[in-house]
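Could you slot chain S onto chain X? The hints should help.
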Amino acid sequence: MSEMSIYGDHVPAMEQIKDELLKRINELRVRLTQKYGSDPVDHCLARIKSDESMREKCRRNGLPETTENALTFFRDAIGLRIVCSFLSDVYTIRNYLVRFNDLELVEEKDYIKKAKDNGYRSLHLIVKTEQGYYVEIQLRTISMDTWAALEHQMKYKKDKMASEELIVSELKRCADELASTDVSMQTIRDMIFTEEGASVL
Amino acid sequence: MKILIAEDTADLNRAITAVLKHEGYDVTSALDGQEAMDYIESDSFDCMVLDIMMPKKSGLEVLTELRSRHILTPVLLLTAKVEIDDRVAGLDAGADDYLTKPFAMKELLARLRALIRRREGYSEDTLSFADFILNAKESELTAGNTVRLSIKEFELMQFLIRNSDKELATEYLLESVWRNEPDAHADTVWLYISYLRGKLSSVGSCAVINGEKGGAYKLAEG
Chain X
9 MSEMSIYGDH VPAMEQIKDE LLKRINELRV RLTQKYGSDP VDHCLARIKS
59 DESMREKCRR NGLPETTENA LTFFRDAIGL RIVCSFLSDV YTIRNYLVRF
109 NDLELVEEKD YIKKAKDNGY RSLHLIVKTE QGYYVEIQLR TISMDTWAAL
159 EHQMKYKKDK MASEELIVSE LKRCADELAS TDVSMQTIRD MIFTEEGASV
209 L
Chain S
296 MKILIAEDTA DLNRAITAVL KHEGYDVTSA LDGQEAMDYI ESDSFDCMVL
346 DIMMPKKSGL EVLTELRSRH ILTPVLLLTA KVEIDDRVAG LDAGADDYLT
396 KPFAMKELLA RLRALIRRRE GYSEDTLSFA DFILNAKESE LTAGNTVRLS
446 IKEFELMQFL IRNSDKELAT EYLLESVWRN EPDAHADTVW LYISYLRGKL
496 SSVGSCAVIN GEKGGAYKLA EG
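Quick mapping for you: the protein sequence lines, in order, are chains X and S. Here my numbering runs 8 ahead of the position in the first sequence, where the first position is 1. Here my numbering runs 295 ahead of the position in the second sequence, where the first position is 1.
Just so you know, the hints here were simulated from the structure itself, not pulled from any lab data. We put the beta carbon where it would ideally sit given N, CA and C, even for glycine. The reader is advised that the hints may include incorrect statements.
[Said to hold, decoys possible] Sample of chain X residues at the chain S side, in silico, Cβ under 7 Å:
| no. | residue |
| --- | --- |
| 1 | Asp118 |
| 2 | Lys121 |
| 3 | Ala123 |
| 4 | Lys124 |
| 5 | Asn126 |
| 6 | Glu185 |
| 7 | Ala187 |
| 8 | Val191 |
| 9 | Ser192 |
| 10 | Thr195 |
[Claimed, not checked] Simulated crosslink set (BS3-like; lysine-lysine; CA at most 30 Å straight-line):
| no. | chain 1 | residue 1 | chain 2 | residue 2 |
| --- | --- | --- | --- | --- |
| 11 | S | Lys351 | X | Lys180 |
| 12 | X | Lys122 | S | Lys432 |
| 13 | S | Lys432 | X | Lys163 |
[Unchecked claim] Pulled a few chain X residues facing chain S out of the computed Cβ check, cut under 10 Å:
| no. | residue |
| --- | --- |
| 14 | Tyr99 |
| 15 | Glu116 |
| 16 | Ile120 |
| 17 | Arg129 |
| 18 | Leu179 |
| 19 | Arg181 |
| 20 | Ala183 |
| 21 | Thr189 |
| 22 | Ile196 |
Chain X with its partners taken away, still in its complex shape (with noise of 0.2 Å):
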């Protein structure tokens, strides 16, 4: 016989859960697109962390496989993440999560504004719903996507790599490039739009 979910009987909820957040992110797109002409979000990703995951989260934290640990220490069970073309679109997308009147904002980590060392980039928010389950939502360009799905390759490598010092500091250096790029753009983006706004004034 199988061994019980760490999650217990909540799997179908967090499911439900997820769907549910899932499916508001894609009705607020299709609002925003009506509004501003093009799609803030590039594409919405949602998960349940895996049952081995989770598991192995606790046992390298030190902390016993329970449902009440899975649920409630940790609270990444439910994940989110939303990535928007542009810098701007991250923090419009933002503000319009915090507003969702069933859903509680619990943290906030801004990693744009302050980025890791190693030079990660994302918005973090962790939601509480109305039922008590957390949420974490990250929120990030297209380019910091794209370096994070990197910077996760390398970390999750199994076999050390010889040159992994350069590596590590070549992504320190690309992940500023793009943060870099990520601002010429916006600003671009901007001067487009205010010279289209004054041409129709």
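Chain S alone, transformed into the frame defined by chain X:
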């Protein structure tokens, strides 16, 4: 530290070479301009001392050839007292300093030290303003975060820092930062000012660039 010395008077050449070697420099000596040019083609130097009046190729010809090949090694010219026009021509051709013969070895050494120091200063410059640092070697802008700047953004930021005591008109920035770039115009300046504003804010700096589109700009502590 490698120094090339080109001087056709054998005794003086020997004396300078001996003194520089004694000071710990790695010295290559040439007795005419062509020999100097041959060394320059096969080796690189941290500093050069060129006599103006030399057989085969004058010091001025060597210097002109160097600069036309974008070799920016600091050059000190040795001139005779009467050669005022040569000194002017030498400085205009890209010499960094000159010394009139006869000179004291002490002064030659001090001038060489100054040239080398200045060059090192340029290549490793780290400028700072308010709460941010501009690192020339990495072309990085750092406050709370770090971003990499493009060459033009870097040059503009460097210029804004060095001239942060004055208002810099768009025209003046075009002449200074975009000289030899006929395609650049007021909108170019405005775009790059906008880039730098965005980047200052993205690294979390309190510094701001004041000024309106097409007007004068000034870097200030926010």
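Taking the hints in turn, this is what the structure says about them:
no., hint, result
1, Asp118, "violated (10 Å)"
2, Lys121, "holds (6 Å)"
3, Ala123, "holds (5 Å)"
4, Lys124, "violated (10 Å)"
5, Asn126, "violated (12 Å)"
6, Glu185, "holds (4 Å)"
7, Ala187, "holds (5 Å)"
8, Val191, "holds (4 Å)"
9, Ser192, "holds (6 Å)"
10, Thr195, "holds (5 Å)"
11, S/Lys351 - X/Lys180, "violated (53 Å)"
12, X/Lys122 - S/Lys432, "holds (23 Å)"
13, S/Lys432 - X/Lys163, "holds (29 Å)"
14, Tyr99, "violated (12 Å)"
15, Glu116, "violated (16 Å)"
16, Ile120, "holds (8 Å)"
17, Arg129, "holds (8 Å)"
18, Leu179, "violated (13 Å)"
19, Arg181, "holds (7 Å)"
20, Ala183, "holds (9 Å)"
21, Thr189, "holds (9 Å)"
22, Ile196, "holds (8 Å)"
Against the hints set out earlier in the document, violations occur for numbers 1, 4, 5, 11, 14, 15, 18.
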